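Q: Throw the hints in and build the complete structure from the sequences for me.
Protein chains: 2
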Amino acid sequence: MNARDGLEERSAAAVAVPSFSPLYRQIKALLLSRLQAGEWKPGEMIPSELELAARLKVSQGTVRKAVDELAQENHLVRRQGKGTFVATHAEERTQYRFLRLTPDDGASTRLQRRLLECRRVRAGAEAARALELRASDMAVQIRRLLLTAAEPAQPVVLDEIWLPGSLFKGLTAEKLAAWRGPMYGLFESEFGVRMVRAEERIRAVAATRDEAALLGVTPSAPLLLVERLSYTYGERPVELRRGLYRTEHFHYRNELG
Amino acid sequence: MNARDGLEERSAAAVAVPSFSPLYRQIKALLLSRLQAGEWKPGEMIPSELELAARLKVSQGTVRKAVDELAQENHLVRRQGKGTFVATHAEERTQYRFLRLTPDDGASTRLQRRLLECRRVRAGAEAARALELRASDMAVQIRRLLLTAAEPAQPVVLDEIWLPGSLFKGLTAEKLAAWRGPMYGLFESEFGVRMVRAEERIRAVAATRDEAALLGVTPSAPLLLVERLSYTYGERPVELRRGLYRTEHFHYRNELG
DNA sequence: CAGTGGTCTAGACCACTGG
DNA sequence: CAGTGGTCTAGACCACTGC
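Top line first, the protein sequences correspond to chains A and B.
Using this note's numbering, read the first sequence as starting at 1 and increasing by one per residue.
Using this note's numbering, read the second sequence as starting at 1 and increasing by one per residue.
Listed below are the simulated BS3-like cross-link pairs for lysine-lysine, each with C-alpha atoms no more than 27 Å apart in a straight line:
hint, chain 1, residue 1, chain 2, residue 2
1, B, Lys41, B, Lys82
2, A, Lys57, B, Lys65
3, A, Lys82, A, Lys57
4, B, Lys82, A, Lys65
5, B, Lys65, A, Lys82
Please keep in mind that the hints were generated in silico from the structure rather than gathered at the bench.
The structure presented is a predicted model; accordingly, all values stated were derived computationally and were not measured.
A: Given below as structure tokens:
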């Protein structure tokens with residue numbers, strides 16, 4: 001079978017390409033569109049390679065390459081002997097998959113949360129631009145603290161979060177406070193919004209008086225400012241997060257390849 | 001042919017494994033050991049997949065998978081129609097492959113260098129621990145500024161670098177100042193040390209009086225502290241770098257998968 | 001044991017590069 | 001045009017999981 005033949009179903013899903021789109025990329029785009037459509041939910045198993053190959057009239061190796069790339073991009077998780085599953089933030093080994101803050105000593109990263117605020121507001125200029133909304137559109141604004149779990153509890157992170165109001169209709173302080181596990185897990189199961197990737201911009205700033213009070217540092221103390229924009233399927237931004245990190249005993253870790 | 005047969009040459013290069021080492025990983029380890037041995041120099045082309053397959057008595061697909069992983073880990077660079085080449089820091093499109101600092105406006109990242117110091121010193125406790133030396137061993141210490149290229153030149157980065165003296169014997173201020181292109185390119189071509197990966201720890205700190213003077217900020221102004229430990233082949237640390245970044249008009253960018 | 005992903009092969013053909 | 005990496009196939013067999 002030739003890569004250019006048949007496959008109407010695929011060509012519809014195929015994304016813009018340089019000049020030539022190999023078959024496995026068309027399969028990949030097709031699978032991605034099905035993930036986006038919610039055909040398989042986070043944590044669920046997708047059909048086996050052989051079954052997909054048979055259904056799509058393609059060899060196993062071609063499906064394999066498509067699934068490999070999706071697994072590498074954290075959309076799918078392969079488990080030998082069991083199957084291939086839709087990735088989820090709900091059962092992360094690390095409590096927070098996107099949080100790169102680590103204690104200086106290799107100790108545990110157990111942190112407790114303290115919800116400060118959760119309300120619906122107009123997005124405003126900055127959040128609207130990042131989230132591709134109008135400034136007058138509604139947004140959910142959350143403010144919260146992360147503190148060390150060990151007593152005495154020390155504030156470490158002050159987060160300020162904006163979410164598009166249209167996507168998070170029933171999100172209340174009660175729901176947030178009651179939820180155990182990663183916040184992104186709640187977003188998945190309650191609102192069907194799965195974070196796929198994120199971009200962060202990091203700066204050093206001086207604490208304002210309010211920030212200093214909440215984080216237990218002196219005003220104008222240096223803090224790490226981490227601005228994160230998280231995306232769901234289709235490069236659609238769905239969360240803006242402004243985190244202030246105390247870094248006397250923690251650091252932001254990064255790996256450069 | 002079975003994955004467990006023959007292949008004395010490979011088993012020697014095979015690294016510790018969970019319980020089962022597929023053939024392509026043995027090939028990968030073999031290629032990696034040859035890269036480490038300098039059999040092919042940075043920028044050079046390695047033998048074609050078919051030739052390697054023939055020499056190693058293995059199918060092209062197996063070599064392919066090994067090379068794929070090495071390319072993904074930035075050891076090799078594939079160029080369709082031309083060949084597969086040893087990765088190098090000398091011909092990076094971006095001037096600095098490991099520098100994640102970006103201007104807030106999407107403008108160019110052109111920076112100029114100003115060498116402040118380059119001398120041979122005792123490593124000292126901190127650098128010795130990081131570089132796996134004795135505190136009494138000699139190290140090369142470099143201090144330099146990076147400034148915006150556009151006039152008026154603004155200081156942006158203050159770097160302090162430690163290198164193991166034993167590996168960088170002829171490294172002098174003159175050599176450094178005369179070198180055009182990335183510093184890591186000089187390390188490759190003059191000292192045969194290729195940086196393979198790096199770890200960074202990022203913090204917010206207050207500028208000391210000296211640091212403030214060099215960077216043109218007020219004392220105790222917030223700065224981004226980026227501590228980088230770079231490794232060459234075999235997980236061997238070969239550079240400790242302590243960078244202080246001004247982040248009023250620049251930010252450290254990161255992608256989270 | 002059956003079902004899954006993981007490895008390996010052999011061979012055909014395609015896309016890209018440079019002489 | 002020859003030589004390179006890139007794609008695709010069909011089939012065999014291996015390793016891991018759970019019943």
